[in-house]
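Trainee: Here is what each chain is made of, one letter per residue.
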Amino acid sequence: MPQNETITDIGLDEYKYGFVTEDKPVFKAVPGLSEDIVRQISAHKDEPAWMLEFRLKALEVYESKPMPKWGGDLTTLEDTLDQIYFYLKPQEQMERSWDDVPQEIKDTFEKLGIPEAERKALAGVGAQYESEMVYHSLKEVWEEQGVIFDSIEDGLKNHPELFREHFATIVPTADNKFAALNSAVWSGGSFVYVPKGVKVDIPLQAYFRVNSERMGQFERTLIIIDEGAEAHYVEGCTAPVYTTESFHSGVIEIVVKKGARFRYTTIQNWSNNMYNLVTQRSIVHEDAKMEWLDGNLGSKLTMKYPSCYLVGARAHGEIMSIAYAGDGQHQDTGGKVVHAAPNTTSQITSKSISKGTGRSSYRGLCKVYEGATGAKSNVECDALLLDETSRTDTYPYIEIDENTASIGHEATVSKVGDEQLFYLMSRGVDEAEAMAMIVRGFIEPVAKELPLEYAIELNRLIELEMEGSVG
Amino acid sequence: MAQPLLVIRDLHAKVEDDDIDILKGVDLVVEPGNVHALMGPNGSGKSTLAKVIAGHPGYEVTSGEVLFQGENLLEMEADERSRAGVFLAFQYPAEIPGVTIANFLRTAVNARAGKGEETDVFAFQATLAEKMALLKMDDSFATRYVNDGFSGGEKKRNEVLQMAVLEPALAVMDETDSGLDIDALQIVSHGVNTLTKADKDLGVLLITHYKRILNYVKPDFVHVMMNGRIVESGGTELADKLEAQGYDWLQEAAAGV
Ligand SMILES: Nc1ncnc2c1ncn2[C@@H]1O[C@H](COP(=O)(O)OP(=O)(O)O)[C@@H](O)[C@H]1O
Ligand SMILES: [Mg+2]
Chain X
1 MPQNETITDI GLDEYKYGFV TEDKPVFKAV PGLSEDIVRQ ISAHKDEPAW
51 MLEFRLKALE VYESKPMPKW GGDLTTLEDT LDQIYFYLKP QEQMERSWDD
101 VPQEIKDTFE KLGIPEAERK ALAGVGAQYE SEMVYHSLKE VWEEQGVIFD
151 SIEDGLKNHP ELFREHFATI VPTADNKFAA LNSAVWSGGS FVYVPKGVKV
201 DIPLQAYFRV NSERMGQFER TLIIIDEGAE AHYVEGCTAP VYTTESFHSG
251 VIEIVVKKGA RFRYTTIQNW SNNMYNLVTQ RSIVHEDAKM EWLDGNLGSK
301 LTMKYPSCYL VGARAHGEIM SIAYAGDGQH QDTGGKVVHA APNTTSQITS
351 KSISKGTGRS SYRGLCKVYE GATGAKSNVE CDALLLDETS RTDTYPYIEI
401 DENTASIGHE ATVSKVGDEQ LFYLMSRGVD EAEAMAMIVR GFIEPVAKEL
451 PLEYAIELNR LIELEMEGSV G
Chain B
1 MAQPLLVIRD LHAKVEDDDI DILKGVDLVV EPGNVHALMG PNGSGKSTLA
51 KVIAGHPGYE VTSGEVLFQG ENLLEMEADE RSRAGVFLAF QYPAEIPGVT
101 IANFLRTAVN ARAGKGEETD VFAFQATLAE KMALLKMDDS FATRYVNDGF
151 SGGEKKRNEV LQMAVLEPAL AVMDETDSGL DIDALQIVSH GVNTLTKADK
201 DLGVLLITHY KRILNYVKPD FVHVMMNGRI VESGGTELAD KLEAQGYDWL
251 QEAAAGV
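Just so you know, the sequences run in chain order X and B. Heads up: the first sequence begins at 1 in this note's numbering, then just goes up one per residue. Heads up: the second sequence begins at 1 in this note's numbering, then just goes up one per residue.
Derived from the structure by calculation, the hints contain no laboratory data. Be aware that one or more of the hints could be misleading.
Said to hold, decoys possible - From the structure, some residues in chain X lie toward chain B, with a derived Cβ separation under 10 Å:
no., residue
1, Asp418
2, Ala434
3, Lys448
To be verified - Result set (BS3-like, lysine-lysine): computed pairs, CA atoms no more than 30 Å apart in a straight line:
no., chain 1, residue 1, chain 2, residue 2
4, B, Lys14, X, Lys415
5, X, Lys415, X, Lys258
6, B, Lys115, X, Lys448
7, B, Lys115, B, Lys211
8, X, Lys177, X, Lys69
9, B, Lys155, X, Lys448
10, B, Lys211, B, Lys200
11, X, Lys415, B, Lys136
12, X, Lys157, X, Lys196
For every residue, glycine included, the Cβ atom is placed at its ideal position computed from N, Cα and C.
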């Protein structure tokens with residue numbers, strides 16, 4: 001069973017509570033990664049001993065694993081990794097001033113019409129002001145329902161047993177090199193628990209969660225949706241996330257228990273120097289439903305394949321994604337579905353847009369284990385090229401060990417057609433708007449699933465990105 | 001005497017990366033309020049003429065001129081021509097998946113209005129509903145994606161709907177009648193007649209293969225295009241003659257290029 005494969009021994013038996021409070025070293029950030037850094041992170045966060053041990057073990061795994069040879073070009077990443085700071089205290093993160101934020105990022109904020117206070121927060125130069133009040137009133141409602149929505153650090157502190165029961169069981173340390181790295185140096189992220197049968201109507205937005213470090217470089221999120229519960233979590237923002245760091249490697253772990261429903265929506269727009277390597281995985285139990293809704297813009301290279309492990313009968317997994325690869329960008333994205341129980345169903349819908357020297361790749365895995373009788377999976381990936389120079393490719397991997405399974409795969413590549421452009425222009429729409437309409441239409445099947453304000457922002461942002469692609 | 005709506009003089013045009021002219025000297029004048037039928041065998045250049053009038057970038061005008069309300073149409077981009085009042089109902093309309101008809105048409109209407117003058121959403125919806133009723137279209141049509149998965153007849157009706165909403169000064173209708181059953185043909189003809197009645201200055205260039213539509217939409221003039229030129233012009237009797245005798249009797253005129 002794949003469920004077993006995803007559970008690593010993290011030394012549950014030796015676990016003892018214990019916070020390292022004494023002897024706290026004065027934290028001094030130095031570039032590069034070492035055991036010392038990992039110890040400092042753990043100490044700084046006052047973590048229990050098991051977590052320090054977990055991190056140190058992960059560091060070993062990270063160092064023992066070679067760089068992946070597939071996906072995007074990671075050849076310059078090793079140099080980058082020597083230079084980055086693996087942990088910065090929140091204060092250090094905030095020290096950045098508005099003046100340091102590059103003009104192009106400020107311009108984009110301006111064009112998106114993002115309020116001043118929020119711009120600073122997005123650029124990492126200040127706290128979120130207005131959202132704080134919203135968060136507090138929502139938090140009261142959630143607390144009444146027993147819903148936990150905290151920073152990952154507070155999750156570990158305040159709900160140690162629940163945390164430890166699930167942490168790293170969905171994405172084990174040894175899963176891949178970057179999961180191991182994240183496991184060693186994680187910082188920031190969310191901890192969510194929705195109790196049995198509770199339905200949370202308002203999306204849980206990471207945006208509201210102000211009492212933590214924003215969108216850490218090595219964010220770690222753990223979400224547990226208990227039996228029959230329902231929730232929607234929204235992460236990220238279409239405004240460019242500006243960080244001085246050039247590497248982001250998150251791990252998102254989600255458990256959707258029997259009969260529960262959960263959707264995870266994330267839209268990220270990274271600055272163009274960023275390597276964005278994220279592991280997002282869910283375990284979906286009997287009659288439960290998991291949906292990933294994923295938008296990827298910006299970055300130098302994004303490698304991201306949200307996955308659903310369908311381990312209970314009739315579990316359903318869905319992965320919908322939009323990727324935009326502009327000049328110099330490579331979006332290597334897709335999805336992974338693993339059918340490990342009877343009558344499980346899945347759907348992958350991927351839409352990519354490439355422009356200039358941009359490249360988008362669809363990389364997908366559909367695996368059906370023997371015994372997953374009647375499993376059904378359907379993959380649809382559509383690529384749109386805005387010009388002659390952009391490129392797209394697909395790497396669908398299908399492994400079927402069950403002959404009653406039915407698998408569909410459809411891939412299309414289209415270019416913005418002259419006839420489409422002429423048609424729209426012949427109604428009085430100018431060329432830039434005509435191009436934008438075609439692109440908006442192309443992503444519509446996925447974009448319509450987004451919360452409205454996100455869909456609008458996404459459209460505006462893609463239009464901004466496309467500026468200059470006409471004429 | 002008002003100036004002509006459309007003046008085409010000795011128009012030659014070819015496909016951009018080809019050497020041979022498809023249009024080999026077209027002359028045509030359309031006065032405001034007149035309906036001109038343009039007939040001719042397949043491949044004679046009717047659609048090419050329509051697309052050159054609308055400003056398709058794939059065709060290159062090698063000589064001649066096209067004036068619209070006295071303005072040089074050939075200097076304008078397709079979108080400018082549309083905003084100036086030229087409309088083309090396509091023989092083969094493009095599909096735009098994900099873009100609803102309502103959204104598309106509102107964008108087109110707003111493009112005419114200019115920045116800051118955009119039409120009120122509710123006013124637009126009322127207009128759209130009215131025009132859809134004229135063409136006996138179901139309300140749900142507005143929320144469908146432009147031509148995406150439409151039947152041939154639905155595509156043609158959608159063209160006439162757009163014409164009704166955009167209210168052009170000149171409508172070039174390229175085989176809007178072909179592929180329509182008799183009910184649809186009557187609805188479309190009724191739509192066109194309603195528009196010409198509402199706007200007495202509306203000029204129409206009705207490209208067709210068959211006399212059938214001319215029983216419903218009465219042309220003031222009938223022209224025959226062959227081999228890239230208009231080789232014969234007349235009244236409705238010309239359409240009758242073509243129906244009875246075909247195009248053979250015009251071969252000589254067509255060959256004399
Ligand atoms: N885009 C094009 N590329 C190549 N040939 C074309 C193109 N458009 C038209 N033609 C040629 O020009 C001639 C006239 O075509 P068309 O204008 O479509 O005729 P009609 O509408 O009268 O049937 C035909 O021989 C056709 O093959
Ligand atoms: Mg034609």
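Trainee: Which of the stated hints cannot be reconciled with the structure, identified by number in ascending sequence?
Mentor: Those not satisfied are hints 5, 7, 11.
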